[in-house]
Structure formats: C-alpha cells, structure tokens
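From first to last, the protein sequence lines stand for chains A and B. Just so we're aligned: 97 in UniProt numbering is position 97 of the first sequence, and the numbers increase by one with no gaps anywhere. Just so we're aligned: 17 in UniProt numbering is position 17 of the second sequence, and the numbers increase by one with no gaps anywhere.
Hint data in this document are derived by calculation from the structure and do not stem from the laboratory. Hints are supplied without guarantee of correctness; some may be wrong.
[Claimed, not checked] Have a look at the derived ranges for each label pair, beta carbon to beta carbon: (1) A:1 to B:75: 27 to 33 Å; (2) A:347 to B:93: 46 to 52 Å; (3) B:103 to A:220: 39 to 45 Å; (4) B:263 to A:110: 46 to 52 Å; (5) B:234 to A:6: 37 to 43 Å.
Positions of the beta carbon are idealized from the N, C-alpha and C atoms, including for glycine.
The chain contents come next:
2 protein chains.
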Amino acid sequence: MNHIRVWGTEEVPLTECDNRILAQDLSASHDVPPFNRSPYDGFAINSKDTADASETQPVKLHVLETIGAGHVAANKVKSGTAIRIMTGAQIPDGADAVIMLELVKEMDESGKSFIEIKRTVKSNDNISFQGEDTKEGTKLAEAGTRITPGLIAVLATFGHHTVSVFKKPVVGILSTGTELLDVNEPLQPGKIRNSNAYMVAAQAKAMGAAVNLYQHREDDLDSLYENITECLKESDILITTGGVSVGDYDYLPAIYEKLGAEVLFNKIAMRPGSVTTVAVHKGKWLFGLSGNPSACFVGCELFVRPVVLSSMKVKKPHCKAVKAVLGADFPKPNPFTRFVRAVLTEEFDGNVVTPAGLDKSGSVSSLLAANSLIVLPGGTRGWEKGSEVGVLSWNGEGSEWPWDSPLFFKSSATKTAVKQQ
Amino acid sequence: MNHIRVWGTEEVPLTECDNRILAQDLSASHDVPPFNRSPYDGFAINSKDTADASETQPVKLHVLETIGAGHVAANKVKSGTAIRIMTGAQIPDGADAVIMLELVKEMDESGKSFIEIKRTVKSNDNISFQGEDTKEGTKLAEAGTRITPGLIAVLATFGHHTVSVFKKPVVGILSTGTELLDVNEPLQPGKIRNSNAYMVAAQAKAMGAAVNLYQHREDDLDSLYENITECLKESDILITTGGVSVGDYDYLPAIYEKLGAEVLFNKIAMRPGSVTTVAVHKGKWLFGLSGNPSACFVGCELFVRPVVLSSMKVKKPHCKAVKAVLGADFPKPNPFTRFVRAVLTEEFDGNVVTPAGLDKSGSVSSLLAANSLIVLPGGTRGWEKGSEVGVLSWNGEGSEWPWDSPLFFKSSATKTAVKQQ
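Chain A on its own, in the form it takes in the complex (with noise of 0.2 Å):
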C-alpha cells in the first residue's frame, strides 16, 4: 500500500458520474431550502390576525393572490390580507405563517376572494425555513466518496453539472498460457477457453477500473515479454494470469527480473493463490496472477481491489469482513490460511454462509454462486457446521485492514505481527 499514487481526476457530465470516486471536498454553496417556503399548499398569512380567531369569531382575510411553487408573490402580505401559497413557493414578504388549505373557509364576495380563519396560528407555523435542511459551508462529502444516486440529487441541488472525479485506473489484463483458445473457438484435445481473461476483466470494471482486455499469449519467453512491456505502456496495472508458478513455462519471474521491476512478494501463504506475485515497476503495477480460475478470482479481489481503489482514495478499498455462521461442515483441514468461494446469505436474523461447490483452485463452477469467501486460518483442524467464521464478501462498501477480528487470523499473535508490518 506504501506504493499507491493517484492517476488524476477528471470532469465528467453529472449524468455520467454514478458509480465514480469523487474527486473533490463538496460543501453547500448556498442554503437547502434557498429561501423560507411553504411546506403544504395553504394561504400565508400574519399570525397575529389570528389572535383572537376562534370558532365563534373567524377572522376574515382578504386573499390578493395565488403563487404556486416557482412563482413569487407580487403583493406583501399585511394585516388582514392572504395569500394562496402552494407547496413548495416562497413565502411572501409579511407573511409568518402558513394555515394549510383544509382548514379555512374560501368565499367570494363581489368578485373578491377571502376565507375565514377559525383558529389562531402561531408565528413560524408551517414554514421550511431556509437553510433548515442544510446551511450554506457545510460540508457534504468529501474526495474518495462512492457517488451515489443521493450524492447525484445533492450535486444537482448545488449546480453541479459536471462533478470532478477520480480518473479509473487503466488496468490491462493479458492472459498467457498455450493451452488457451479463446472463447469463440471450438475445444481441442489438450486446451479449454479463456475464462479468465473475461472475469478478471468484470471483476476490474465492478470496482471502478477501466479496462484494456488483450487477446491471450502463448507461454514463450520473448514474445510475452514484448507483449508485456507493450501492454505496460497502455495501462496503469497490467494483470496477467498464469505463468507465475515454476513449471518449465513459466516464464513470468523472468519477465519481472528483465523488466527491472521490484517484486513485492511472490509466495503467499495461502490456499488457492499462493503463486500470485506482485510487482511495482516505473510507479506502474503488475499482478502475476495464478491461470487457474478460483485462484486467480481470489488473487484480483484480495489484491488487486486495495490498489484500485486506494488510487481513487476510497477509505475502505479492501473486501467487506463480516462473520457468518458456517452452514456446512468442512472438514479438510490445511496449514495454510484458506479463502474458500462461498455464498454468504444475509438471512434476515443473521448471516450464513455455505462453501460453494468443489473447493479446487481450478474449479470455474464454484465461482458461479459465489458472492464471498471464508477465511479460514491455517492449522490442524477442520470446521464444523455452526462454527462462526469471518467472512470476506466484495459487494457494497468495503473495509479498512487488517480485518477487525481474530476470526480472520491464526491467533492473536501472529494478527499483532501482521499489524505491526
């Protein structure tokens, strides 16, 4: 995270702008509501003509007028006169409260309007006063907020008609591997389609990336490092899948070592994804993911996402912790911490969470109903049913790290250790 820039911002229409980080501190530049307006449809009137209004002795006001919202008063009101004020319109001047519709009396006398007023009202009676929503200077939202539809209505109130926002980072993505067709070609003896490719490509778009998708490469040394070295000129991170590992292709330590680039880590201890590297290379990053679809899935949201988001500010850039309740055994125990794909159920009383399909770093099919994964820290013993777990889901708002629960550690040790990094 210490090597996190961001790539600069940019002004996009307001009506483009859902979904992106704004860029900059947002205040009120004037008061909501702009002027003091009538909340109901009614006549404004001045309260102290009603003093002695009562069911026996209504008061009689003349009306000079009727203002619907947008439209201001061309009389003042004064002392026993009314105006009709709908909801909505700014209330005239003299005026100091408003008496909803329903409860005064209309009538005309030779082509005049009054109404008759049974009750007394106080002063400020059903009036929005201005600035009672929001006072102009207060501060609204600030650089690295998520623009959502309710930020978008507050930005159109202050005249906001194209918002400054985060500019997405560029994220190639280059799949290697020679047993790799693409996903119009038909099967062959030996290959399967590119998957990868396309789901890291959605994964990377969800957070807020943009994304240059290149056609996969076979694993050879030289032409994958041309390759690479061309798609690191377009992108700000270039992810590529598969060739990480340290079979007789895998060519991808070797390209990082020619390029000059400072590789962060390359083991992890964990399961699936322990062969994923991560390098920073001119101020631009490379993740070496692993080729096999859960793996690689689990590599993108774990690392990928903090740096994507980080570099639009956004506060919590990393995966949502949450603690569920295991809905299943599982029973295998590894003394690697795993992250299995799982599918976490906010029940209404709770949440749940149950492993999703074939726990194997080459399944595609568990990726299919997983929305989050179980965190389970390396040891000797399996889980039972029941047990709580933390959980990591990448839907909605995000956490800060490291997660705030030993659920997600080996113990309290070893998570003060990593805190300490």
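Based on these hints, arrange chain B on the given structure of chain A.
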C-alpha cells in the same frame, strides 16, 4: 405485480454483459475439465511401475518427452517410461497417475532423460478428472440471474462470446414544477434546481434500467399532457416527479384520467411518499412520484424497483430486508408507517442503523449518506436506541415480498391481511 411484463431479450457481447440479467437457462455444454489433466508440474507415469519402489530400491523411468499445458503428448506412457507434464496439460494415454516434480530425481544418461522414483504411487494420484468440476448437461444458472464476474467466467468456459440478456426496461423521467431550474442555471427567487430527475435516473440505472432523461416541465395541464403522451411513446416506464398532490397546479391525477390510464393506487398510508400514484396504460407503467426529494427517492426504491427487476425475471426484486439495532433514539411517533432514510452499518458483529440527517420529506441532505430505510410501523410510540428494527437496503441482492418479519408490520394481523391481498 400482476401487471409485470418482460420487455424482450437481446444478445450482447460477453465483454458487455456485466451486471445484466441472464435471459436464458445455462447448462454445461461439455465436461469441465474437458479432459483428464495434471494439477501439478510433474511426471505422468503408469502407477504399476512404482509398485515396488522404495528409498533403497528406486524405480527408473525413461522420460519420453515434455508437454506443457495446451500440448498433447506424441507418445503413450508404456511400462518403464514417463512423460514430463506441466500443470493443466492433458494426461497422456497409458498414464494413470502423476508424481510431482519435487518428488523425483531427474538425470541424463547418454543424451536420454530419466527419473528415479523412491515411493509407490497409486493409480489416479494427482489427476484432475474430466468432468470433476462440472459434468456435461449440469444446470448452471437460470434466466433471471444477475451476471457476475464468476458467471462471466462460466459463460467464457462454455464458449458464449455473446449472451442472451433481458432488455433493459426504458425508464423515462420527467420532472414537473414551475419552481424547477436546470442544474446549470443560477438560483432565482422562489426557484430551486431540479435534483429529482438526476437522482431517479441514477436509481433506475443502478436497478438495471435504461434511462431517458427529459427536460423538466412547468405545471401546465395541456402541455404536460402532451409531454407525457410523447414521453410514454419512447418509454416502458414513465416516472414523473411532482404534481401528484392536491394543490392548484398538481395536474398528474387529471392527466392520468385524460390518458385513460388505470390508476392502481394514488394514496399510501406511509411517510414520506403518501401521494405516490402508480398507473398502467397499454402495457406501460406510469409512476407519479412526489416532488419532495426524499419522498421521491423512497417511492422509487419501494415501487419502481420491483417493476424494473421483475420485468427481467429477477427473483428477489424488492429492497433487501434485514434486521438492525437502532443506533439513535427516534422519539417522534407517527400514525403512518415511516420509511426513514438511514445509514446501515454492517458492523462485524451485526447491523446498526442510524437515521441520516433531517427526517423531512423535502430534505436533500438526508439522502447523501443514506444507504437504507428504517421501517417504523405506524403507531403511537417512538423508538429507542437499541431497539431492533426492520431495515430495507437497496444495495446487493434483494428480497421477496412480503418481507419476512413482523418488524415491518403493525401487528401480525396486519401482516396477514397484507399477505392475503
């Protein structure tokens, strides 16, 4: 919900189907993996050759060739031979097991390659079997499923370079009100900028609709009737904001009547949003939402959302119902059920919900932080900090209706009555 209709389906490229709703059932068109393959870098062998192998009596096998992923062996594995095989490569004929690279000793003799194995290997060891992830014909997803990155991986695996998705309902949005300025206009006395249209547009887009955002219109019966008739031609669903109450310039009820639209309801015992009107006309929908921003927002989430999502066969089209602990007192009682804009925080140990700012229907600022609605059934009592309350959230997966908890209803009798409608 009896008036729901599907607006059609369309084929979109795999790279553009993110977050769309699948319009076809999806089955596995082949086994995954499509062939037996190696999950590790190692040697494909005939396990019988290792029956007597031990530390003291290693077995020596002639290595015929090396195959990387995507390549098919030119040779068969016969007794006494092995094929060096990389992760993902197809198991050669004659081999029934793989031994990992690090468990053998490799050696060259007279230009030929050999390995020594010092342990017995069982048949089927280290083979990812054809179909072990997914068998051909397995049902994977059905129409109405939202397309996630994981589903995109599955679509790619099975060669779907285009995907059949439900057409986005076209939502037209027309704000009415003489008080409205456009977002790029300076404030004028008695006027406010149009924020509802931009907000509702963002809400509809987030639900998965396409949006036609129309220029706001003044309160004028004849021209509004013309506008609405024109907008309705281009829209499946037309949302108007404002003009639904009983004031002198609230023309929507008259316009619905003139259109001959079937008004489904036009008053709701709720706050805010009591004046919401919903009508159907020639297979299209008309939503007359309040001009008050918060009432407008709530009406859109409660009433427009299920129509948009159900028209794409989404199975949980309503706001998500969850339980939360009230994080602040809410002493004001109300005879009507209230939907209070709120901030729902998924704490690690459970949900906490707090009212977001000013609880008035005209409030814009309360929408800024709100990510949910606290539902407070009507009655004579207020609510204390620490109470359990029902909360509706528009993020993530939705719920079915009626919401499955008495927290949302006045009493179980009321709930039953609602269910029977």
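Tested hints:
| no. | hint | verdict |
| --- | --- | --- |
| 1 | A:1 to B:75: 27 to 33 Å | violated, 50 Å |
| 2 | A:347 to B:93: 46 to 52 Å | holds, 50 Å |
| 3 | B:103 to A:220: 39 to 45 Å | violated, 28 Å |
| 4 | B:263 to A:110: 46 to 52 Å | violated, 40 Å |
| 5 | B:234 to A:6: 37 to 43 Å | holds, 40 Å |
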